[in-house]
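Respectively, the protein sequence lines represent chains A and B.
FYI, my numbering numbers position 96 of the first sequence as 96, with every residue one higher than the one before it.
Take any residue in the second sequence, count from 1 to its spot, add 111: that is its number in my numbering.
Calculated from the structure, these hints are not laboratory results.
Hints should not be assumed to be uniformly reliable.
Some chain B residues judged to face chain A by a derived CB distance under 10 Å, without partners named [what the hints assert, rightly or not]:
1. Val115
2. Tyr147
3. Gly152
4. Leu155
5. Lys160
6. Gly215
Here are some, though not all, of the chain B residues that point toward chain A, as calculated from beta-carbon distances under 10 Å [what the hints assert, rightly or not]:
7. Tyr136
8. Gln149
9. Gln156
10. Ala203
11. Lys216
Glycine included, C-beta positions come from ideal geometry on N, C-alpha and C.
What follows is the residue order along each chain.
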Amino acid sequence: EAGVAQSPRYKIIEKRQSVAFWCNPISGHATLYWYQQILGQGPKLLIQFQNNGVVDDSQLPKDRFSAERLKGVDSTLKIQPAKLEDSAVYLCASSGGRSAFFGQGTRLTVV
Amino acid sequence: AQSVTQPDIHITVSEGASLELRCNYSYGATPYLFWYVQSPGQGLQLLLKYFSGDTLVQGIKGFEAEFKRSQSSFNLRKPSVHWSDAAEYFCAVDNQAGTALIFGKGTTLSVSS
Numbered sequence: 001e002a003g004v005a006q007s008p009r010y011k012i013i014e015k016r017q018s019v020a021f022w023c024n025p026i027s028g029h030a031t032l033y034w035y036q037q038i039l040g041q042g043p044k045l046l047i048q049f050q051n052n053g054v055v056d057d058s059q060l061p062k063d064r065f066s067a068e069r070l071k072g073v074d075s076t077l078k079i080q081p082a083k084l085e086d087s088a089v090y091l092c093a094s095s096g097g098r099s100a101f102f103g104q105g106t107r108l109t110v111v
Numbered sequence: 112a113q114s115v116t117q118p119d120i121h122i123t124v125s126e127g128a129s130l131e132l133r134c135n136y137s138y139g140a141t142p143y144l145f146w147y148v149q150s151p152g153q154g155l156q157l158l159l160k161y162f163s164g165d166t167l168v169q170g171i172k173g174f175e176a177e178f179k180r181s182q183s184s185f186n187l188r189k190p191s192v193h194w195s196d197a198a199e200y201f202c203a204v205d206n207q208a209g210t211a212l213i214f215g216k217g218t219t220l221s222v223s224s
């Protein structure tokens, strides 16, 4: 069974630029999450989707971050404009029941 | 609000020695409990989980964890550590209400020879 796929693996951008991350969850998983993991900390939820609807986006900085999950399958997370403090690993996870499975993440560096 | 505490930021264990990583949670009822491992540059891999029933759960790679309701703890153990176990370990809770996992800050495990 294929796991959660994310791209790109690494991205370096200048502050005020925009960036987008892509995630393809495990086939059949209705729930998809985006987490932000800052160096030295645990992952923090940004947004949770159930199929193509948003369940929780309370911690998403909506002035600069946006996410969508068209057709309830793959998802994109966008940052525009990026700030230095957005440097982190962005993890996508999916769940078909009680356990969440994670992709390898995208490491974003904002300079 | 729910929270997860991993008191140890960094632990060093000799290869072949036993390991225990601590995890305490704050939640009114019994949540679902998880341990994940993250190797450098990798995503999180699920080691084991507790939902209900037997309080001692077995996971992959020889790990086990014990749920103690009275102590609100879910400590991870391994009887004999291998050099390949060096990684960061995260404890996480789920309040069973369909919301996302809440993670602790993690414990970095170093293995010395």
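Status of each hint after checking the structure:
no.	hint	in the structure
1	Val115	8 Å, holds
2	Tyr147	8 Å, holds
3	Gly152	8 Å, holds
4	Leu155	4 Å, holds
5	Lys160	6 Å, holds
6	Gly215	5 Å, holds
7	Tyr136	13 Å, violated
8	Gln149	9 Å, holds
9	Gln156	8 Å, holds
10	Ala203	8 Å, holds
11	Lys216	5 Å, holds
The structure shown violates just one earlier hint, number 7.
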